[in-house]
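S.K.: One-letter residues, chain by chain:
There are 2 protein chains.
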Amino acid sequence: MTDAITISVDAMGGDNAPRAVIHGAYLALRERKQTRFIFHGRKEQIEPLLEEFPALKPVSTVNHCDTVIAMDEKPSQALRKGKNVSSMWMAIQAVKDGHADVAISGGNTGALMAMATFCLRPMEGISRPGIAAIWPTLRSDIIVLDMGATIGADARQLVDYAILGSALARALFDSDSPTVGLLNVGTEEVKGLDYIKEAGKILQQASGAGFTYHGFVEGDDIGKGTVDVVVTEGFVGNIALKTAEGTARQVGTYLRNALKANLMSKIGALFASSALNALRRKMDPRTVNGGVFMGLNGIVIKSHGGTDEIGYKSALGLAYEMARSRLIDKIGDSMQHFPIHTAAPSAAPETEAKSA
Amino acid sequence: MTDAITISVDAMGGDNAPRAVIHGAYLALRERKQTRFIFHGRKEQIEPLLEEFPALKPVSTVNHCDTVIAMDEKPSQALRKGKNVSSMWMAIQAVKDGHADVAISGGNTGALMAMATFCLRPMEGISRPGIAAIWPTLRSDIIVLDMGATIGADARQLVDYAILGSALARALFDSDSPTVGLLNVGTEEVKGLDYIKEAGKILQQASGAGFTYHGFVEGDDIGKGTVDVVVTEGFVGNIALKTAEGTARQVGTYLRNALKANLMSKIGALFASSALNALRRKMDPRTVNGGVFMGLNGIVIKSHGGTDEIGYKSALGLAYEMARSRLIDKIGDSMQHFPIHTAAPSAAPETEAKSA
Numbered sequence: 001m002t003d004a005i006t007i008s009v010d011a012m013g014g015d016n017a018p019r020a021v022i023h024g025a026y027l028a029l030r031e032r033k034q035t036r037f038i039f040h041g042r043k044e045q046i047e048p049l050l051e052e053f054p055a056l057k058p059v060s061t062v063n064h065c066d067t068v069i070a071m072d073e074k075p076s077q078a079l080r081k082g083k084n085v086s087s088m089w090m091a092i093q094a095v096k097d098g099h100a101d102v103a104i105s106g107g108n109t110g111a112l113m114a115m116a117t118f119c120l121r122p123m124e125g126i127s128r129p130g131i132a133a134i135w136p137t138l139r140s141d142i143i144v145l146d147m148g149a150t151i152g153a154d155a156r157q158l159v160d161y162a163i164l165g166s167a168l169a170r171a172l173f174d175s176d177s178p179t180v181g182l183l184n185v186g187t188e189e190v191k192g193l194d195y196i197k198e199a200g201k202i203l204q205q206a207s208g209a210g211f212t213y214h215g216f217v218e219g220d221d222i223g224k225g226t227v228d229v230v231v232t233e234g235f236v237g238n239i240a241l242k243t244a245e246g247t248a249r250q251v252g253t254y255l256r257n258a259l260k261a262n263l264m265s266k267i268g269a270l271f272a273s274s275a276l277n278a279l280r281r282k283m284d285p286r287t288v289n290g291g292v293f294m295g296l297n298g299i300v301i302k303s304h305g306g307t308d309e310i311g312y313k314s315a316l317g318l319a320y321e322m323a324r325s326r327l328i329d330k331i332g333d334s335m336q337h338f339p340i341h342t343a344a345p346s347a348a349p350e351t352e353a354k355s356a
Numbered sequence: 001m002t003d004a005i006t007i008s009v010d011a012m013g014g015d016n017a018p019r020a021v022i023h024g025a026y027l028a029l030r031e032r033k034q035t036r037f038i039f040h041g042r043k044e045q046i047e048p049l050l051e052e053f054p055a056l057k058p059v060s061t062v063n064h065c066d067t068v069i070a071m072d073e074k075p076s077q078a079l080r081k082g083k084n085v086s087s088m089w090m091a092i093q094a095v096k097d098g099h100a101d102v103a104i105s106g107g108n109t110g111a112l113m114a115m116a117t118f119c120l121r122p123m124e125g126i127s128r129p130g131i132a133a134i135w136p137t138l139r140s141d142i143i144v145l146d147m148g149a150t151i152g153a154d155a156r157q158l159v160d161y162a163i164l165g166s167a168l169a170r171a172l173f174d175s176d177s178p179t180v181g182l183l184n185v186g187t188e189e190v191k192g193l194d195y196i197k198e199a200g201k202i203l204q205q206a207s208g209a210g211f212t213y214h215g216f217v218e219g220d221d222i223g224k225g226t227v228d229v230v231v232t233e234g235f236v237g238n239i240a241l242k243t244a245e246g247t248a249r250q251v252g253t254y255l256r257n258a259l260k261a262n263l264m265s266k267i268g269a270l271f272a273s274s275a276l277n278a279l280r281r282k283m284d285p286r287t288v289n290g291g292v293f294m295g296l297n298g299i300v301i302k303s304h305g306g307t308d309e310i311g312y313k314s315a316l317g318l319a320y321e322m323a324r325s326r327l328i329d330k331i332g333d334s335m336q337h338f339p340i341h342t343a344a345p346s347a348a349p350e351t352e353a354k355s356a
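Going line by line, the protein sequences match chains A and B.
Under UniProt numbering, the first sequence has 48 at position 48, and the numbering climbs by one with no breaks.
Under UniProt numbering, the second sequence has 57 at position 57, and the numbering climbs by one with no breaks.
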């Protein structure tokens, strides 16, 4: 890998594709000149857009694919229809073939996870991939996973998520031994589900091998930034993420309404406008767009499907940083530092794994 | 029941008991003059406090109990030690015996639920009680349950929560047919766990019987107020609630910091101070304190254990309104309007029920 990072882009994924994707790539390139792009999708749609953003043209390749995966397609259908031919599959395949450092798509999450798992395969020693979110908190950004790659987990899979999440934290935050917490309904040892307690025991024993085990954390510990990595099962992680997004939007609306309440508050808002604009940028969900697929032999980033060019710019920036920080190598290191893992007993699953 | 509402209070529950409890009762009485109190707990601690708040004395009775349930006691231990003798148990017993209209405690949630279930028993036709939260949203307050009365649920239990939650919505919001949504990771029919899909089918068939079934909702629909009643399993509900609390606190801190950022923003904050103070009151978690135990033959309210007199005032006000609106009768009506329920097939549990 040279200094240049090549991002393999599913140009057809998401509600506003391919325009928002290409426009986002243009914005991302302005911030990171070393980026190269491979756009997978319909040539007749992509090429006119490259004409609109001529700075992109010399650093881009277009790989024509007719097949596009729909947002509501089931993963199994998508895999049958799209393997080897769809823009989503080809974006991933380019990473496998070594043509790109990282792949990105704003398409259907379930289909993307199914294709990425099928094409890149889970890393040796990892039972199941997860999706990690980078979550802004009062202390600093933290990692929360799984965001819904899989519904249901057992102790072994939570331990996998802890290994993957702490490798990501080390790659992103330059921390030698990030703290890891298990999301639970109470911090007392007695509480919670058996598989979480079992994972807690394994992590307690392994604490120090690339991470520091903190113990159980509760929902409000996420926003506080109590730990660097919050580990949870996918259904719960997805609900937590969306609930937090909804709450942030709700409080933002309260604030806007409060500042419009009367003449004095409107004057106040004018005086404070630069600080309030900074706050608005900080709370803009588009600036932290992108879920990181963890535990596969290659990096894949999922962008929000409904986002615009600003959201894609953020997700592409994240993809660049993931590749630059050699995330995959860091996860490999983690696996080596975690000999206890392969010997760890797996608790009986509390919930059955379901494909989404 | 006359116009006066008698609240049976565990005076010893919570971190700041009994002072915060008695002080809160004094504040609650100022807002609702028809309130009567029975305080259960250590006479030698309660009586001096009643001297401090003399307005309370004529409307209060003290029932001495020596035994106090600790915050970290396991439910089974608490039940063994506290049955018939603890302040928590006696607060519930007074409702059973008809001496009070509603009971309240800021003590250990698991112990309180165990005692309430043991003493009051689940209503006929309801398989398991739940804890409902009243959740402020962009549209209006809504109901979310279960907040962690039980970990794990099956389809039948989600349907129970829908019946209980819609009865609560009808009692609190004067709505004839509140809308009900099932919390899930996607709104498409294909997504999510089997027991949630199964519950969705039952609710679809029964829609109109005291509620309108909306379908699946996602985490961000809570803050939007998409439906009047959000139904979910207890572990997920608890994580969602605490994540939202954490996010609201986080955004509030961002805002305070933004307004201190520079001289202009400080001046702006002065101009907008009345609107910002109103916003602060609106976001004060103490003003929406209180989980409602649903599905038992009597009403029990759980206050946050760590709150102060303002929080107790809110929880006591909620208790008063629950009793005044004849919640129990409304749930009874719901059960009668829901003949499909008793015949509903129960899906196999996805997760096993664990006592917390």
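Heads up, a few of these hints could be off.
Said to hold, decoys possible - Below are the DSS-like pairs computed for lysine-lysine, each with C-alpha atoms no more than 25 Å apart in a straight line:
1) B:96 - B:43
2) B:197 - A:282
3) B:74 - A:201
4) B:224 - A:282
5) B:74 - B:57
6) B:260 - A:224
7) B:96 - A:260
8) A:266 - B:197
9) A:197 - B:266
10) A:43 - A:96
11) A:260 - B:266
12) B:74 - A:282
13) A:266 - B:266
14) B:224 - A:224
15) B:282 - A:266
16) A:74 - B:201
17) A:83 - A:33
18) B:224 - B:282
19) A:96 - A:83
20) A:260 - B:260
21) A:74 - B:197
22) B:224 - A:260
23) B:266 - A:282
24) A:224 - B:282
Unchecked claim - If you want a taste of the chain B side facing chain A, the calculated C-beta under 7 Å gives, among others:
25) 134
26) 138
27) 193
28) 215
29) 222
30) 238
31) 248
32) 251
33) 253
34) 310
35) 325
36) 329
It is worth saying that the hints were derived from the structure and are not from the lab.
We put the beta carbon where it would ideally sit given N, CA and C, even for glycine.
S.K.: Give a verdict on every hint.
M.R.: Structure-based check of all given hints:
1. For the proposed pair residue 96 of chain B and residue 43 of chain B, the alpha carbon gap of about 22 Å is at most 25 Å, so the pair holds.
2. Straight-line distance between C-alpha atoms of residue 197 of chain B and residue 282 of chain A comes to about 37 Å, which puts the hinted pair past the 25 Å bound.
3. With a C-alpha separation of about 20 Å, the suggested pair residue 74 of chain B and residue 201 of chain A falls inside the 25 Å cut-off, and the hint holds.
4. Only pairs whose Cα atoms come within 25 Å are accepted, and residue 224 of chain B paired with residue 282 of chain A is accepted, the gap being roughly 21 Å.
5. The suggested pairing of residue 74 of chain B with residue 57 of chain B is violated, with an alpha-carbon distance near 34 Å, which exceeds 25 Å.
6. Of the supplied pair hints, the one linking residue 260 of chain B and residue 224 of chain A holds, its CA atoms being roughly 20 Å apart against a limit of 25 Å.
7. The hinted pair formed by residue 96 of chain B and residue 260 of chain A fails the criterion: a straight-line CA distance of about 50 Å is larger than 25 Å.
8. Distance restraint check for residue 266 of chain A and residue 197 of chain B: the Cα-Cα separation of roughly 47 Å exceeds the 25 Å cut-off, and the hinted pair is therefore not satisfied.
9. Of the supplied pair hints, the one linking residue 197 of chain A and residue 266 of chain B is violated, its CA atoms being roughly 47 Å apart against a limit of 25 Å.
10. Of the supplied pair hints, the one linking residue 43 of chain A and residue 96 of chain A holds, its CA atoms being roughly 22 Å apart against a limit of 25 Å.
11. Distance hint between residue 260 of chain A and residue 266 of chain B is fulfilled; the C-alpha atoms sit about 18 Å from each other, no more than 25 Å.
12. At most 25 Å may separate the alpha-carbon atoms for a hinted pair to count; residue 74 of chain B and residue 282 of chain A exceed this at roughly 42 Å.
13. A distance of roughly 14 Å separates the Cα atoms of residue 266 of chain A and residue 266 of chain B; the hinted pair therefore holds under the 25 Å criterion.
14. Only pairs whose Cα atoms come within 25 Å are accepted, and residue 224 of chain B paired with residue 224 of chain A is accepted, the gap being roughly 23 Å.
15. Distance hint between residue 282 of chain B and residue 266 of chain A is fulfilled; the C-alpha atoms sit about 19 Å from each other, no more than 25 Å.
16. For the proposed pair residue 74 of chain A and residue 201 of chain B, the alpha carbon gap of about 20 Å is at most 25 Å, so the pair holds.
17. Under the criterion of a C-alpha separation no larger than 25 Å, the hint pairing residue 83 of chain A with residue 33 of chain A is inconsistent with the structure, at around 32 Å.
18. Annotation: proposed proximity of residue 224 of chain B to residue 282 of chain B holds, straight-line Cα distance about 16 Å (limit 25 Å).
19. Straight-line distance between C-alpha atoms of residue 96 of chain A and residue 83 of chain A comes to about 14 Å, which keeps the hinted pair within the 25 Å bound.
20. For the hint linking residue 260 of chain A to residue 260 of chain B, the alpha-carbon distance of about 20 Å falls within 25 Å, and the restraint holds.
21. Of the pairs offered as hints, the one joining residue 74 of chain A and residue 197 of chain B holds, with about 16 Å between alpha carbons and a cut-off of 25 Å not exceeded.
22. For a cut-off of 25 Å, the pair hint linking residue 224 of chain B to residue 260 of chain A stands: about 20 Å separates their Cα positions.
23. As the CA atoms of residue 266 of chain B and residue 282 of chain A are separated by approximately 19 Å, the hinted pair is consistent with the 25 Å bound.
24. Pair hint residue 224 of chain A plus residue 282 of chain B holds up; C-alpha atoms about 21 Å apart against a cutoff of 25 Å.
25. At its closest, the beta carbon of residue 134 of chain B sits 15 Å from a beta carbon of chain A; the interface hint therefore is violated under the 7 Å criterion.
26. With its C-beta approaching chain A no nearer than about 5 Å, residue 138 of chain B sits inside the 7 Å limit, and its interface hint holds.
27. About 6 Å separates the beta-carbon of residue 193 of chain B from the nearest beta-carbon of chain A, less than 7 Å, and the hint is met.
28. Proximity of residue 215 of chain B to chain A is violated relative to the hint, the smallest CB-CB distance being about 15 Å (cut-off 7 Å).
29. Hint status for residue 222 of chain B relative to chain A: holds, with the closest Cβ pair at about 6 Å, below 7 Å.
30. This hint holds: residue 238 of chain B has a C-beta 5 Å from the nearest C-beta of chain A, less than the 7 Å allowed.
31. Given hint, residue 248 of chain B at the interface with chain A, holds; its Cβ is 6 Å from that chain's nearest Cβ, closer than 7 Å.
32. At its closest, the beta carbon of residue 251 of chain B sits 4 Å from a beta carbon of chain A; the interface hint therefore holds under the 7 Å criterion.
33. Residue-level restraint check for residue 253 of chain B holds (minimum Cβ-Cβ distance to chain A is 6 Å; threshold 7 Å).
34. For residue 310 of chain B, the interface hint is violated, the least distance from its beta-carbon to any beta-carbon of chain A being 19 Å, above 7 Å.
35. For residue 325 of chain B, the shortest C-beta to C-beta distance to chain A is roughly 26 Å, which exceeds 7 Å, and the interface hint is violated.
36. For the restraint placing residue 329 of chain B at the interface with chain A, the shortest Cβ-Cβ distance is roughly 32 Å, beyond the 7 Å limit, so the hint is violated.
This entry does not satisfy hints 2, 5, 7, 8, 9, 12, 17, 25, 28, 34, 35 and 36, going by the numbered hints stated previously.
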